[in-house]
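Student: Each chain, written out:
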Amino acid sequence: MTEEISFSRSKFLQLSFKLVLGLAGILGLGGLVRYFSHQPAGQTPTIYDLGLAADFPASGELVRLDIPAIIYKTKDGFQAYSLVCTHLGCTVEEDGENFRCPCHGSQFDHDGRVLKGPATEKLPTLSVTVSENGSLILNTGGGGK
Amino acid sequence: MGSRLRIFLIIPAVLILVGGLVLFSGTVSATSPSQQNLLTTPIYDRPGPVPTVYPPSQADNGAQVYWGMCQDCHGDQGQGLDAEWRSTFAPVIRDCWGSGCHGEDAPENSFILPEAGAPALAVPGALPQFSTAFELGSYIHQNMPFSPTGSLTEDQAWELTAYILYLNHKGSPELTLSGTNSAAIQVHQEVKLPGLELPGILLLSLFLIIAAGYIGQLSRQPAAESSRGNFYHHLHPATVPEAQSKFSFTLGAGGLAVFFSLVLLITGALEMYYYLPTPSGAAESIQVLTNIIPYGNLIRNLHYWSAQLLVVTIMVHLVRIILTGAYAPPRRLNFLLGLILLVLILLLDFTGYVLRWDEGIRWALVVGTNLLKTIPGIGEGLYRFVIGGPEPDAPTLIRFYAWHIFGLTLAVTGITAWHIFRVRRDGGISAPPAVRGEKINRIPRSELLKKEVLAMIIAGVILLLLSVLVPAPIDQPLVENGAQVGDSRAPWFFLWIQETLQYGDPFFWGVVLPLGAVILLGLLPYILPNAKKEEWGRWLPSGNRLGQIIGITIIAIIFLLTLLGWLR
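The listed protein sequences correspond, in order, to chains H and Z. Per this note's numbering, the first sequence starts with residue 1, numbered consecutively. Per this note's numbering, the second sequence starts with residue 1001, numbered consecutively.
Just so you know, the hints here were simulated from the structure itself, not pulled from any lab data. The beta carbon of each residue, even a glycine, is placed where N, CA and C say it ideally should be. Any given hint might turn out to be false.
[To be verified] No farther apart than 25 Å at their CA atoms in a straight line, the calculated lysine to aspartate or glutamate pairs in the DMTMM-like style are these: (1) Z:K1439 <-> Z:E1534; (2) H:K18 <-> Z:E1452; (3) H:K18 <-> Z:E1447; (4) Z:K1439 <-> Z:D1426.
[As the list claims (entries may be wrong)] For each label pair, taking beta carbons as the anchor points, the in silico distance ranges come out as: (5) Z:K1192 <-> H:P45: 17 to 27 Å; (6) H:E93 <-> Z:T1088: 56 to 66 Å; (7) Z:G1098 <-> H:E132: 25 to 35 Å; (8) H:E94 <-> Z:Q1189: 31 to 41 Å; (9) Z:Q1142 <-> H:P118: 48 to 58 Å; (10) H:K18 <-> Z:V1512: 39 to 49 Å; (11) H:S37 <-> Z:L1469: 49 to 59 Å; (12) Z:G1098 <-> H:K122: 55 to 65 Å.
[Stated by the list, open to error] Some chain H residues near chain Z, calculated using beta-carbon distances under 8 Å: (13) R34; (14) F36; (15) A41.
Next comes chain H alone, as it looks inside the complex (with noise of 0.2 Å):
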């Protein structure tokens, strides 16, 4: 008799004990992530002062691989596109007329549009406009690196 009381005694207290540890680990793992939650602020800068407007490259082509973008000027005005590739997001070198990522392989012509893989999207398209004073300013929008 008293040996089955000191039984389930011995088992509440092994379920209890179980119980306790698997909340303070719970608690405890909370902690932790909380620690490595922590984001450190700042982002990308998204608009770029690409200098005057009147001083444009005579090529009527610009890279800029801080950005990283091309930005060329068209009869219509400049026109910019990112160099991001959109596959995962190495730099595309200039390949002749078309665009090549080193990565992985994928192309994409003058106007960003895919020409073989594994990318599937084409280059964004990014705004570029000359503001009051002449400069050219890029905006990429929030999609760069």
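Fit chain Z to the known structure of chain H by using the hints.
Tutor: For chain Z alone, coordinates are given in the frame of chain H:
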């Protein structure tokens, strides 16, 4: 027996759990209490002084200083010396340069104001050259007001910094800016404080309870399975002589040293995720860890305090070994291993201390490394090897970092394992030898475990209390030519060397003497009579009396010198 152990674990576990829950819920509702005050800080009209608010926040005090010293040039809203602001001036002085006040023809008691005027402080894009509040505050302290430069006290500089952050809607009334936290605050970003820090008790509950639970689990394994392998069972044989497990004999020092080492490994690994080992980033990243990261402060304090307690525990352990003559053969080798661990752990403490890379470590680093130079012959080479160049710089930091987290840690981990492995090999902790015909009292593994867990929990609670109540030291980031700012005192575990260095030749007093003391300790079991076997397992045996006197004299001198340096 097993269920008793569990009762004994459940009680503290429940307490910690409940305490943690209460504190955890506290975080969620913790909003800034003095926000109200800050928002009602009045925006004043120019002629009148700033009305005071009570209790004033740091930014409120800054508003007073600003009104008195800054606003004539920088504008009442931080808009800078623009035409609109000048239009509020009396007509004769509206043109600062042309009116004979601050132009080329400025009178002697005035000053020439640059053509550009005073920059705006609180318009979009203002203060582009500053990244952290520390940079802004240091600049203000050194360069403002424009004339006479440098007339601000350090407190005023921080008050103004807080007020400028407030004008830019970036400040936090909960944080009183100073050199030791402002590097964590970005001028151009919203301040996000982690809220209440105390729920970090939860984190400790994780360490304590999982460790206890794990050990408990191990102790329940059937004996058959355990007869082979397992390092835990090597250290915890099925039964041990009761004499080897008495706190009054062991002081629990060896086991606690292992416990503190484990806490150091865990908290150190966590710190590594946020620490930046670069001269410009190190102190800043520690300020971020301390002020911004949830539980960061607690983890840093736990790391700091377990390191300090480890040194104390090791010294207690050493005193115990000497005063019980426990280093007699066959334990001579293990005694040497222990002394090597002591030296390595002091080096770990020192390298960890230097990793702060703030004004507090400037002179300790210079003195500690210059001591190496005094060693004849190899000194210069050793110096360059340690600091990685002709003078302390980025390579020094990265080398100390590598030694701290890798080289020394690896060595200490390996030798610690060897050290505790040897304990069992040498027949367990030194104990009275078996007497023919008498039965030795033995206790089962679970009893030993219970004692260990008890010691661990007590040590854990002390560690946690220290960590919550006493913050680890921190100073402002290293600045160029900051010679007067630095703390010239050695870290406490090297205060005794700092004391002896005052007596003369640095090579003798700073290198030969401390090393000689350690070597002399190491030689005790080899050159002096040892405790006789029948004296083992008790305090102050007569066999190694001379060894006790020499050993304790050395340790007492170190202790006294440390105390002297501490009181200085």
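Student: All the hints need checking, so say for each whether the structure fits it.
Tutor: We went through each hint and held it up to the structure:
1. Z:K1439 <-> Z:E1534: The given pair, whose Cα atoms are some 16 Å apart, holds under the 25 Å limit.
2. H:K18 <-> Z:E1452: holds, 20 Å
3. H:K18 <-> Z:E1447: holds, 20 Å
4. Z:K1439 <-> Z:D1426: holds, 21 Å
5. Z:K1192 <-> H:P45: 17 to 27 Å: holds, 21 Å
6. H:E93 <-> Z:T1088: 56 to 66 Å: holds, 58 Å
7. Z:G1098 <-> H:E132: 25 to 35 Å: At 30 Å between Cβs, range holds.
8. H:E94 <-> Z:Q1189: 31 to 41 Å: At roughly 37 Å between Cβ atoms, Z:Q1189 and H:E94 fall inside 31 to 41 Å, so the hint holds.
9. Z:Q1142 <-> H:P118: 48 to 58 Å: The hinted range 48 to 58 Å holds for Z:Q1142 and H:P118, with Cβ atoms some 55 Å apart.
10. H:K18 <-> Z:V1512: 39 to 49 Å: Violated, at about 58 Å.
11. H:S37 <-> Z:L1469: 49 to 59 Å: Taking Cβ atoms as reference, H:S37 and Z:L1469 lie about 26 Å apart, which means the hint is violated.
12. Z:G1098 <-> H:K122: 55 to 65 Å: holds, 59 Å
13. R34: holds, 4 Å
14. F36: holds, 7 Å
15. A41: With a minimum Cβ separation of about 4 Å from chain Z (threshold 8 Å), the hint on H:A41 holds.
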